[in-house]
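Protein chains: 6
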Amino acid sequence: MAANTALVVSAHSADFVWRAGGAIALHASKGWEVTVVCLSYGERGESAKLWRQPGMTLDRVKTDRQGEAERAASALGVHDIQFWDLGDYPLTLSQDSLFRLVDLYRAIHPKFVLTHSTRDPYNHDHPATTDFAQHARIVAQAHGHNPEQKVLGAPPVFLFEPHQPEQCAWTPNVILDITPVWDKKFAAIQCMAGQEHLWEYYTRVGLQRGVQGARNSERKMTYGEAYEAVFPHVVETLA
Amino acid sequence: MAANTALVVSAHSADFVWRAGGAIALHASKGWEVTVVCLSYGERGESAKLWRQPGMTLDRVKTDRQGEAERAASALGVHDIQFWDLGDYPLTLSQDSLFRLVDLYRAIHPKFVLTHSTRDPYNHDHPATTDFAQHARIVAQAHGHNPEQKVLGAPPVFLFEPHQPEQCAWTPNVILDITPVWDKKFAAIQCMAGQEHLWEYYTRVGLQRGVQGARNSERKMTYGEAYEAVFPHVVETLA
Amino acid sequence: MAANTALVVSAHSADFVWRAGGAIALHASKGWEVTVVCLSYGERGESAKLWRQPGMTLDRVKTDRQGEAERAASALGVHDIQFWDLGDYPLTLSQDSLFRLVDLYRAIHPKFVLTHSTRDPYNHDHPATTDFAQHARIVAQAHGHNPEQKVLGAPPVFLFEPHQPEQCAWTPNVILDITPVWDKKFAAIQCMAGQEHLWEYYTRVGLQRGVQGARNSERKMTYGEAYEAVFPHVVETLA
Amino acid sequence: MAANTALVVSAHSADFVWRAGGAIALHASKGWEVTVVCLSYGERGESAKLWRQPGMTLDRVKTDRQGEAERAASALGVHDIQFWDLGDYPLTLSQDSLFRLVDLYRAIHPKFVLTHSTRDPYNHDHPATTDFAQHARIVAQAHGHNPEQKVLGAPPVFLFEPHQPEQCAWTPNVILDITPVWDKKFAAIQCMAGQEHLWEYYTRVGLQRGVQGARNSERKMTYGEAYEAVFPHVVETLA
Amino acid sequence: MAANTALVVSAHSADFVWRAGGAIALHASKGWEVTVVCLSYGERGESAKLWRQPGMTLDRVKTDRQGEAERAASALGVHDIQFWDLGDYPLTLSQDSLFRLVDLYRAIHPKFVLTHSTRDPYNHDHPATTDFAQHARIVAQAHGHNPEQKVLGAPPVFLFEPHQPEQCAWTPNVILDITPVWDKKFAAIQCMAGQEHLWEYYTRVGLQRGVQGARNSERKMTYGEAYEAVFPHVVETLA
Amino acid sequence: MAANTALVVSAHSADFVWRAGGAIALHASKGWEVTVVCLSYGERGESAKLWRQPGMTLDRVKTDRQGEAERAASALGVHDIQFWDLGDYPLTLSQDSLFRLVDLYRAIHPKFVLTHSTRDPYNHDHPATTDFAQHARIVAQAHGHNPEQKVLGAPPVFLFEPHQPEQCAWTPNVILDITPVWDKKFAAIQCMAGQEHLWEYYTRVGLQRGVQGARNSERKMTYGEAYEAVFPHVVETLA
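Chains as they are written, first to last, in our numbering: chain A, 2 to 240; chain B, 2 to 240; chain C, 2 to 240; chain D, 2 to 240; chain E, 2 to 240; chain F, 2 to 240.
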């Protein structure tokens with residue numbers, strides 16, 4: 002039987018770690034095949050530490066960032082990580098890239114999709130990525146696009162926690178208990194040598210969401226990852 | 002082993018039928034014990050047809066409304082229906098009533114709570130009921146209130162669909178598939194002889210939410226009931 | 002044939018002048034009977050200039066404010082002005098007052114209702130008045146309240162422009178052309194001797210809304226009064 | 002004397018039927034000349050049933066969709082229907098198309114404009130169409146664009162009801178009574194052979210908006226069509 | 002010369018520590034006189050640990066909580082701490098209490114006011130406190146209230162960070178650098194023996210707001226405290 | 002020592018006068034060097050009066066508009082005004098222009114940035130300008146963009162008051178006292194011969210914001226300019 006699949010669309014090559022590492026590791030640990038698309042390396046805008054090294058070049062930054070991301074993906078149990086190298090700050094998103102993402106949706110038929118918040122005044126690439134990921138999802142549902150293929154269903158989309166949630170009009174309505182896989186997420190975080198200042202920041206985020214998860218349920222949990230679901234949750238029980 | 006329990010707090014004695022009949026019947030059919038509190042009979046503000054009968058009195062309206070609600074509750078499989086007779090248009094909510102509802106929370110420890118939307122420009126009693134139900138839930142969590150009792154946990158609260166959703170700033174984020182129990186909900190609806198003009202209206206609501214439920218998932222379903230969850234959903238998987 | 006009627010519910014005895022004087026004069030000039038209810042005189046919180054007079058007393062403030070309001074009402078062509086003297090800062094609103102306002106709705110069956118914005122961080126009485134006026138409107142629609150009377154229909158409610166609109170989450174969706182009656186509104190404004198600092202302020206408001214009215218239509222107009230309609234506008238043409 | 006005119010900008014060739022058929026038929030029945038622009042046929046994304054036929058091609062889908070739309074337009078009394086064939090899923094909107102729409106605004110000087118909601122997480126083409134239609138309206142107001150032509154005034158813009166209103170942050174503030182022309186709208190709906198599953202859905206939408214229209218007024222009406230007005234309504238009376 | 006003054010209105014006797022301890026210590030360290038009003042002890046709803054002790058009584062809880070709060074206040078350099086003992090879960094707010102708070106505003110003429118967020122689905126007392134504190138501020142501005150006293154000016158109001166910010170529709174627009182007084186805030190936090198589980202939580206809050214403060218400026222800072230300003234900031238420079 | 006600098010990004014060549022003239026003159030009067038970028042002349046969409054002159058051409062409009070803007074800039078004490086001539090209605094914004102603005106950010110390192118509101122249903126160029134100005138600010142913060150240059154810090158961004166604030170979802174949270182430089186702003190306004198109908202409009206805006214500034218503080222002031230700050234204000238005191 003085919004494995005369950007999920008798709009993560011990440012603007013830069015580290016976003017999936019900070020923002021969705023728990024969800025990835027958790028589902029991977031249950032046998033899911035999680036595909037991560039990194040639209041860019043964050044080579045210009047999210048690699049400050051590397052650029053402080055003398056003689057640094059764009060290619061070396063990309064190579065280093067790819068290595069970090071691959072090691073993190075491995076720590077999380079990612080099934081497939083793809084680097085599309087579309088440039089960052091700004092990210093350049095063409096119709097060809099859109100159809101490439103549509104092809105990927107059609108190839109893996111993800112059961113859910115993870116991507117960025119729809120607004121972010123601190124980052125122009127993140128909302129652009131979300132719009133792109135949602136647009137591709139809709140095209141993948143179109144019967145007239147490559148009509149010989151099976152169309153995509155309606156996988157739910159969950160939006161990552163942005164760096165400063167309240168400024169991004171992002172409101173979490175799902176908290177995932179990632180306590181069982183925190184060690185894996187933290188191992189992946191530690192692969193991000195270029196952004197060491199964020200390690201503690203996102204550890205604290207995990208702990209705060211853990212406390213809040215416990216507060217919103219009767220579950221014992223220590224680490225959480227929060228998401229905003231875009232679509233209504235269709236259920237067969239309210240429990 | 003004790004049955005699972007749920008609590009429905011309804012401003013008037015028919016609200017639980019139109020707005021939550023599917024959820025009640027569905028959980029009852031799985032062995033849940035659902036308690037319904039009707040804070041009033043809707044005797045002044047939601048009984049127009051009865052008042053058109055000559056010689057009608059407030060007491061007769063209440064008696065008729067109670068009968069209708071009891072028959073509907075029976076059709077849905079309600080475990081316990083309580084009529085608090087607090088008056089309607091306006092509903093009068095005292096601290097005594099608040100503590101009475103706290104006692105009920107503590108007595109049944111519901112796994113979830115259903116009540117009205119937080120705003121409604123067409124109805125003053127509905128938002129008042131929600132504020133009251135949420136306030137009681139919070140007091141029931143307080144260790145210093147009747148400290149010898151077990152405090153309430155953190156049951157999720159789901160808000161009913163109001164009559165004109167967009168005017169009430171109510172956004173559904175949960176759609177419950179009530180197809181398996183639609184016959185029971187419709188039987189309960191037909192007990193509401195005094196509001197026959199609403200039978201078709203809420204049948205259409207059920208069908209529209211059914212289409213939308215199917216559209217937001219890959220589930221085949223015909224009838225839906227939509228809710229707005231107040232609190233984040235704490236989960237162990239995103240699937 | 003009975004005249005058309007309208008109802009204005011004003012927290013303090015000057016609010017109806019600044020905020021709705023144009024609408025009142027305009028409809029009065031067309032033969033409408035406009036009733037104004039002043040829940041208080043604004044005697045404590047909106048009479049700074051009077052209180053600066055030596056030896057001023059609460060009763061003298063009320064008397065002066067009533068005189069001003071009566072003269073303004075006369076300038077506008079108000080049919081009936083009522084002073085309920087419920088106190089201000091804070092306004093005290095009992096169930097008796099609620100039923101008194103219900104009686105008034107039932108007595109005049111207004112074709113539309115004007116009252117304050119639903120939020121105002123600068124004024125506690127204004128939102129309280131709106132909640133009260135809307136609540137009474139709903140009770141007046143209840144068939145079981147004084148069932149021998151004719152119930153109220155569904156008159157639209159328009160919310161006045163508050164002093165600092167953007168801080169009150171008030172968004173105008175109706176702009177009334179009050180150019181033909183500006184002279185009457187300004188005459189009424191000049192009756193408010195105790196708040197002379199506001200004369201120019203509200204003249205400028207009228208001019209700005211006039212420019213905006215012209216900008217949103219092809220109408221030539223100089224003075225406008227803006228409102229937020231609470232309910233959808235039911236129409237037989239979009240022109 | 003020149004007839005009154007209106008403009009409908011529809012992303013796909015069926016949208017104007019479901020969403021604005023009543024408004025079109027109603028104004029046409031009063032002698033208005035209504036122009037409908039279909040930016041695409043919805044040939045890829047909204048023609049599932051056609052694509053299930055063996056050997057279907059893009060051209061055949063377009064031809065079928067155009068036929069359906071023309072028959073529907075005829076049933077509604079549309080004055081002019083234009084098919085711009087700009088592609089769908091995604092819709093491709095160039096500056097040339099923008100200026101073409103500006104020309105159309107300048108040619109017909111519509112008294113009002115109908116188009117899609119500004120947000121829709123289920124459809125990428127709908128919000129793009131609205132942005133495009135509003136942008137063209139603004140350019141048509143610019144005195145320096147083809148300065149020899151008469152500039153456009155300020156026709157109001159009304160946004161169609163989207164498929165899942167609450168998810169689109171769309172709030173109706175206008176309900177049009179379409180009872181007198183429902184038979185025409187339903188005849189037009191029945192021309193949409195490719196989307197038969199939506200016939201009942203949009204019939205129920207018409208009935209629900211009809212009930213709500215009656216609830217928000219004292220008008221007897223059975224079928225309604227709801228819109229969100231973008232701009233304030235400039236009026237000479239509040240009645 | 003009179004010292005500068007500030008007023009903190011806290012629903013329960015620990016809130017001022019977690020939520021405003023930094024602001025209090027910072028201003029106290031500059032010679033400000035900060036007055037803290039604790040409307041209740043949080044004796045019923047926020048003293049779980051104390052209630053787990055055998056034989057605990059309401060009076061003992063209050064005594065313990067008062068002691069903790071006094072020690073914390075001392076650590077922060079609070080000028081005056083008042084315990085109004087109005088009960089919690091629910092908080093009971095009468096007109097007498099309102100006028101008592103008005104008297105306090107008039108007595109100290111605070112330069113700014115700190116209180117809770119305006120919404121909180123987890124806590125009923127917090128929004129009630131804010132409404133009360135803002136209402137009293139407005140009454141204190143009324144010339145007719147105790148006309149022999151000097152009226153209050155327009156001190157800005159800043160809303161504390163609630164426990165789960167995004168669920169409370171609270172958006173920080175001010176971040177205060179509390180790095181210089183963090184040791185005092187942490188000392189005060191440690192006085193709250195009854196809520197030890199929150200020590201680390203609010204330390205992490207301080208660190209996250211510190212990172213965000215640095216991110217939104219070019220200031221080096223480690224600990225921050227975030228607030229939502231209710232009113233526009235009136236300034237003489239944008240720098 | 003280098004002067005303080007500020008950057009104003011204006012869609013059309015008059016916007017900086019109406020919307021930010023006070024801020025510019027105020028800071029210039031204190032020795033700041035303010036740079037103004039006019040992305041277009043507003044030659045097509047905001048020059049109605051010029052286009053009414055017989056024989057007018059696009060080039061003459063641009064020349065006239067540049068002259069007006071230069072005289073206004075001079076009256077305000079602008080340090081550097083740049084005309085990028087990118088076209089208006091629609092404004093055309095390429096990646097080259099984006100990098101040009103990034104270069105400017107890097108060249109002057111502004112202490113704050115002024116630009117348009119993020120939404121405006123009356124104007125398509127204004128929100129496009131804001132998105133562009135904010136995007137360039139973010140790219141200017143990227144270490145990998147021209148890595149030999151010093152990266153931009155985090156200058157606050159303040160959004161101008163749009164023509165119809167409430168329709169643009171713009172909420173002022175900063176009011177600048179421009180009383181000391183009103184004469185300069187009014188002199189600059191009078192340079193805008195082509196838009197004389199706006200002189201009084203924006204004078205009244207200045208007076209209304211002046212009254213509101215006084216109302217929100219204890220400052221005596223006559224003229225104000227209101228802004229919406231995009232980012233939280235990082236402070237070392239709340240006074």
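Bear in mind the hints are in silico, worked out from the structure with no lab data behind them. Among the clues, some could well be false.
The list makes no distinction among identical chains, and a pair is therefore deemed to hold if it is satisfied within one copy or across any two copies.
[Stated by the list, open to error] DSSO-like mimics (lysine-lysine), calculated; alpha carbons at most 27 Å apart, straight line:
hint	residue 1	residue 2
1	K151	K31
2	K50	K151
3	K151	K112
4	K31	K50
5	K151	K221
6	K221	K50
7	K50	K112
All figures in this text were calculated on a predicted structure; none of them were measured in a lab.
To see whether the hints hold, each was checked on the structure:
1. K151 - K31: Answer is within; shortest intra-copy Cα gap is 26 Å, inter-copy 36 Å.
2. K50 - K151: between (45 Å within a copy, 14 Å between copies)
3. K151 - K112: Answer is within; shortest intra-copy Cα gap is 15 Å, inter-copy 40 Å.
4. K31 - K50: neither (35 Å within a copy, 37 Å between copies)
5. K151 - K221: between (41 Å within a copy, 18 Å between copies)
6. K221 - K50: between (38 Å within a copy, 18 Å between copies)
7. K50 - K112: The answer is between: 24 Å across copies meets 27 Å, while 36 Å in one copy does not.
The structure fails hint 4 only (numbered hints given earlier).
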